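The listed protein sequences derive, respectively, from chains A and B.
With my numbering, the residue at position 105 of the first sequence is 105, and numbering never jumps.
With my numbering, the residue at position 2 of the second sequence is 2, and numbering never jumps.
Keep in mind the hints are simulated off the structure, nothing from the lab.
Just so you know, these numbers come straight off a predicted model, no measurement behind them.
All residues carry an ideal CB built from backbone N, CA and C; glycine is no exception.
Cβ-to-Cβ under 8 Å is the rule here; a few derived chain B residues that face chain A: (1) Gly18; (2) Leu19; (3) Arg63.
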Amino acid sequence: MTAVLTTAAFVGVTVASWIIGTEALGWLPPLTRLLMRIAVRLLPFQHRARYLEEWQADAALLARDRPFTALLWSLGVLWRARGLGMDLGSPSLDTLLVSRLLTMARSMRRTETQAHLLAMGATTSCVFSALLWGRSALRADHLWLAAAELATGAFFLALGLRTLRRHRRLMRTLKKQ
Amino acid sequence: MLAILDVLVEDPERHHWGLSLAEEAGVHSPTIYRALARLEAARWVSSEWECGHPAEHGRPRRRLYRMTADGARAAAELLAERSASNSGSPRPIGRLQPGASRA
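Kindly generate the complete structure, drawing on both the sequences and the hints.
Structural data, given as structure tokens:
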């Protein structure tokens, strides 16, 4: 009986470690790439694309038969990237401008989505307020509720308008640049 | 740095990439990129992308490094000087800087 249990435990542990090992190996390449992407952010903007490709090529060559070594390599790259970034110097003015424009473009996209969501919220609030108002003009508690809905709608509208103004301001700045 | 120069000078016409150079020079791997960046800034080495599309290789392109003629000459001199005066503290890497303009 003991022998059977021992064998079963051995087989179980072997299978479990094989599964865990396979799973871990599957996670190593994306983790390696992630570390490289983090490392490359420590470099000046104009050098990032070049070094990302170079590092990923070397890591891919390593990862073919030594995925764990590739992960360690990428950790080392992350560790040393700041020093390399300092050697490569600060970004030039035009790359700073491009970087700023990209950040602004991203911000505008986010702001636009925000504005749409807020406008939808405001409309829903107004519709509910109107319904409540129409159905229960005589009941005080419903009136309060309608007032609260209206206030919420107004708040959302104000937020939406503010976001839209911010959007326009960003667009104007972008056009100037 | 000297170990890297040693490998590069051995065959100045040969193309190396970061990983292969690190393995041949026996240096702690990722420091190689910093050393190569300095050598490139000093115009001792030049670099170019590997030919072909990444899809053909099944991985991103490698960056290939090769010694320039000036670099090979200067490195050979430096290494000869080093082997002649075996004692003394190592010369700072800043020696690579004069005459170099960063791209």
